[in-house]
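> Here are the chains, one letter per residue:
There are 2 protein chains.
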Amino acid sequence: MEGEFEVVKKYIMTPGPTPISEEVLLEHARPLMHHRSPEFSKIFIEVTEKLKKLFKTKNDVFILTSSGTGAMEAAVTNFFSTGDKVLVASVGNFGERFKKISSRFNLEVISLDYEWGDSANPEDIKKVLVDNPDIKGVMVQFSETSTGAINDIKAIGNIVKNYPAILIVDAISGLGASDLRTDEWNLDVVAGGSQKALSAPTGVAFISISDKAWKLNEKSNLPRFYFDLAAAKNYSQKTPPQTPWTPGISIIVAMNRAIDMLFEEGLEKVFERHRILALATQKAVEKMGLQLLVKDESKRGFSVTSIIVPDGIDAKELTKTMRVKYGVTIAGGQGKLSGKIIRIGHLGYFGMFDSIIVISALEMTLKELGYKFEVGSGITEAERIFMENNYLND
Amino acid sequence: MEGEFEVVKKYIMTPGPTPISEEVLLEHARPLMHHRSPEFSKIFIEVTEKLKKLFKTKNDVFILTSSGTGAMEAAVTNFFSTGDKVLVASVGNFGERFKKISSRFNLEVISLDYEWGDSANPEDIKKVLVDNPDIKGVMVQFSETSTGAINDIKAIGNIVKNYPAILIVDAISGLGASDLRTDEWNLDVVAGGSQKALSAPTGVAFISISDKAWKLNEKSNLPRFYFDLAAAKNYSQKTPPQTPWTPGISIIVAMNRAIDMLFEEGLEKVFERHRILALATQKAVEKMGLQLLVKDESKRGFSVTSIIVPDGIDAKELTKTMRVKYGVTIAGGQGKLSGKIIRIGHLGYFGMFDSIIVISALEMTLKELGYKFEVGSGITEAERIFMENNYLND
Chain A
18 MEGEFEVVKK YIMTPGPTPI SEEVLLEHAR PLMHHRSPEF SKIFIEVTEK LKKLFKTKND
78 VFILTSSGTG AMEAAVTNFF STGDKVLVAS VGNFGERFKK ISSRFNLEVI SLDYEWGDSA
138 NPEDIKKVLV DNPDIKGVMV QFSETSTGAI NDIKAIGNIV KNYPAILIVD AISGLGASDL
198 RTDEWNLDVV AGGSQKALSA PTGVAFISIS DKAWKLNEKS NLPRFYFDLA AAKNYSQKTP
258 PQTPWTPGIS IIVAMNRAID MLFEEGLEKV FERHRILALA TQKAVEKMGL QLLVKDESKR
318 GFSVTSIIVP DGIDAKELTK TMRVKYGVTI AGGQGKLSGK IIRIGHLGYF GMFDSIIVIS
378 ALEMTLKELG YKFEVGSGIT EAERIFMENN YLND
Chain B
18 MEGEFEVVKK YIMTPGPTPI SEEVLLEHAR PLMHHRSPEF SKIFIEVTEK LKKLFKTKND
78 VFILTSSGTG AMEAAVTNFF STGDKVLVAS VGNFGERFKK ISSRFNLEVI SLDYEWGDSA
138 NPEDIKKVLV DNPDIKGVMV QFSETSTGAI NDIKAIGNIV KNYPAILIVD AISGLGASDL
198 RTDEWNLDVV AGGSQKALSA PTGVAFISIS DKAWKLNEKS NLPRFYFDLA AAKNYSQKTP
258 PQTPWTPGIS IIVAMNRAID MLFEEGLEKV FERHRILALA TQKAVEKMGL QLLVKDESKR
318 GFSVTSIIVP DGIDAKELTK TMRVKYGVTI AGGQGKLSGK IIRIGHLGYF GMFDSIIVIS
378 ALEMTLKELG YKFEVGSGIT EAERIFMENN YLND
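Protein chains in written order, with our numbering: chain A, 18 to 411; chain B, 18 to 411.
Hints were generated in silico from the structure; no laboratory data involved. Keep in mind the model is a prediction, meaning the values are calculated, not measured. Ideal Cβ positions, reconstructed from N, Cα and C, are used throughout, including at glycine. Be a bit skeptical, because a hint or two may be false.
Capping the alpha-carbon separation at 30 angstroms, the derived lysine-lysine pairs in DSS-like fashion look like this [unchecked claim]:
no.: 1; chain 1: B; residue 1: Lys70; chain 2: B; residue 2: Lys26
no.: 2; chain 1: B; residue 1: Lys255; chain 2: A; residue 2: Lys333
no.: 3; chain 1: B; residue 1: Lys236; chain 2: A; residue 2: Lys116
no.: 4; chain 1: B; residue 1: Lys353; chain 2: A; residue 2: Lys59
no.: 5; chain 1: A; residue 1: Lys312; chain 2: A; residue 2: Lys144
So these bits of chain A aren't anywhere near chain B, every CB distance computed over 12 angstroms [unchecked claim]:
no.: 6; residue: Glu56
no.: 7; residue: Lys286
no.: 8; residue: Glu289
no.: 9; residue: Asn406
Using the sequences and the hints, build the whole thing.
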C-alpha cells in the first residue's frame, strides 16, 4: 500500500475530530491552571459567554467534560420523570441514540423514523403532538452526523413552542457550521461539542437550557449525578464560577481561542464558508458520477457530505487507501450505513484547499480501485464552485 | 498584593491537576488522530495495557472521557439494581460523594462514617457485612483526596472477598503515588484519573472490572448509557479496538507518554519518591508548629498533606497570598473542612525542589500573615528529610 516517498502528510477530514489550528494546539499545550482558581474561572466565564453568542441565546449554557453523547444523556436525564412520553424524530444514527438513551432511562419513546438521508417533516411532529398532548419532550438532530442531512429546526421550534413539550436539539455537528438561533427559534435544550465546527480537541461538550426546560427540571426524577445540570448551575454561581467536577481544563482553554477565531472571521462568514465548502464537495463528487446520500439538495447540511460507495468498490478499502496511501482520513458509514457510504467532513478549521485535497485524494483512490470516471472532473468542479461563489472575495 | 517584580513563576501544587512535564504537554499538543483509526487504536491499546500494569491487574480496564467523578458514577451504576444495599465507608468528601451517587441511583446506602482525617477500620466493615449478608457492594477511597488519609485497602480486600459483595475502590488520587495491587488484594472495581499521579491533563478517567463484578453487571438494572461499561467492553473488542463514544484523544495521547515516564522511573521508585515527598512536607510543617489533619502517622497517604489552618489565620487569605504573590497554587478544604485546612498536593511530576518551593512559599506567607514560628525551620527540616532518606541515592 505504501508509496515511494516516506513523507505522507496527514489530513483529518472527518466530521469530528476536525482539523485544529496550530495556535489552538499551542493553547491546548499550556501548563494547566487549577480549575477552582480565579485564573481559570476567568477563562471559564469567557468561554461560557462566547458559547452563548455562538448559540445565540440568553439561556444558561454549561460546559460538560464528556463527548457529545454525554451532553445528549444530560439532555435526556435532566427534564423528565420515569415513564414520561418523549418523541424522537430520527433521521440517522444519532436519532437512534436519542431513542436508546431515552429507553435506558425508562422513558416511553414515540418515534418518527425517516429514511437515512432524509430530514424530519415538521408537520409530522405537529401531528404527533396533537395526538399526544402528554408528550414532555421532542428530540431531534440539527445536522445528523451519520448522514449529513439537516433538519428544519426553525420550523420544528415554531411548532413545539405551542405545546407543553420542550424541544431538545442535538446540534453537535451543526453548531458553528450552520446558523442556529436558540432563542429566536424557541430551542429549549441545545447540545454542542468541542470537536466539530469549533475545531478544538475532543472531550468537552456544552448544553443550553431554557426557562421552560428548567421548569421541567424541577419536577424531573430521573437519576443523574455526573450530568446533573442543577449542580452545574449551582457551581456556576459560586465565587469564582466553576464546574462541579474537575473539567477538561486544557480543552476549555483551547476552546477559548478556537471560538475567538470564529468570531474574528465573523459568524455570518463562517456559515457562508461552510455553505460553499459543502457545495464544492457535493458538486465535485456528483461531477465524478457519484451519488450523494441526501438526494434533496435543500436537505443537505454544511458539515458533512455522505457519498454512496459505487458498486464494485469496497468502502473499507477506499477509506484505508485514502488514509494509508494518501494520508487523508475520512469517515465510513455508521450503523446500517456501515460499508455503504463514506463521509467527508468539511467543518471547522477547514479551507478551500482542504476540499481540493480531499477530492483529489478521492479521485486518485477511486481511479486506483477501478471506478470509471473522468479524472480531474471533481477538482475542476470544486475550483469552479469556489470561483463562482467568490469564496475569497465574499 | 503584588510584589516588585513582574515575573511571578507559576507552580501548581494541588492534589489534581498536578504538574505536567513539558514533554507530556508537547504530546498533548499533537494534531488529533481520528478515534476510530488504527493509528489511534494502537495508542489506545498501549495505554490500556500500561494502565493494567499500573493497576497490577489482569482485569479489564476501560478509559472513560470524564473527570474521576464519572468513573465513580460508572462504578456505582454498572453493578447493582434498584434498591440494592451497598456499604460506603466514608472518611471524607469523596466518601460522601459515593453516598450521594448511590442515593441518586436509588440504592440503599449503609454508611460507616469516620472523622475526616481518620481512616476506615476494616473490622467495622467486616461487622457490617456479617450483619447484612445482602450487601451487594462496598465502596471506599484508597487515598481520600479531601483529607490526605489512606485506607488499608489490602485488609479491606481480604475481608470483602469472602462475601458476595464486590469491593469498589476510588483510587483516583492514590493510584501511582502509593502501591495498589488490584488482583493480589481482590479489588473488584478500581477507579483512577488522568490528572493525579499520572500527571497528564484533566478529563480522562479509567476503571478496572473483575470477573466477580462482571457477574453482577449482567443482572444490574440501574439506568446508564454514557458510562455503560458493557458498551466499553463491546467496543474494545472491535477491530480496531476503540471507545463507544468519541474519547479525549489528546489526553489519552498525553497519558501514553506520562505513564511511560512512571515506568521509566520504576514503579517502586515512584512510590518511594512519593513517600519521601509526603514525609518531608509533613515533617516540615510540623516543625513550623502546624498541625496535620491526619493525626496518626500510619494513616497519612503519600498524595496530599492536609494542614489545619492556625487560629487567627484566614484560610482564604493564606491560599490567595500564596497564589497571587508567590505564584504557588495549593488547595483549600472541601465540604465541612472548607476554611479549616489547606491541602498541598505532592504527587505526579513532582520533585524534591517542588517541596522546597511550596514550603518556602508557605513560610513566607505565614510570616506575613502574622503566624509565630521560626522562619526557615520548615525548609531546613525538609532538606534534612531528603538527605536522611537518600532521596537522590536510593
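> Please go over all the hints and tell whether each is borne out by the structure.
Hints, verified against the model:
no., hint, result
1, Lys70(B) to Lys26(B), "35 angstroms, violated"
2, Lys255(B) to Lys333(A), "15 angstroms, holds"
3, Lys236(B) to Lys116(A), "22 angstroms, holds"
4, Lys353(B) to Lys59(A), "26 angstroms, holds"
5, Lys312(A) to Lys144(A), "25 angstroms, holds"
6, Glu56, "8 angstroms, violated"
7, Lys286, "25 angstroms, holds"
8, Glu289, "26 angstroms, holds"
9, Asn406, "29 angstroms, holds"
Violated hints for the displayed structure, listed by number in ascending order: 1, 6.
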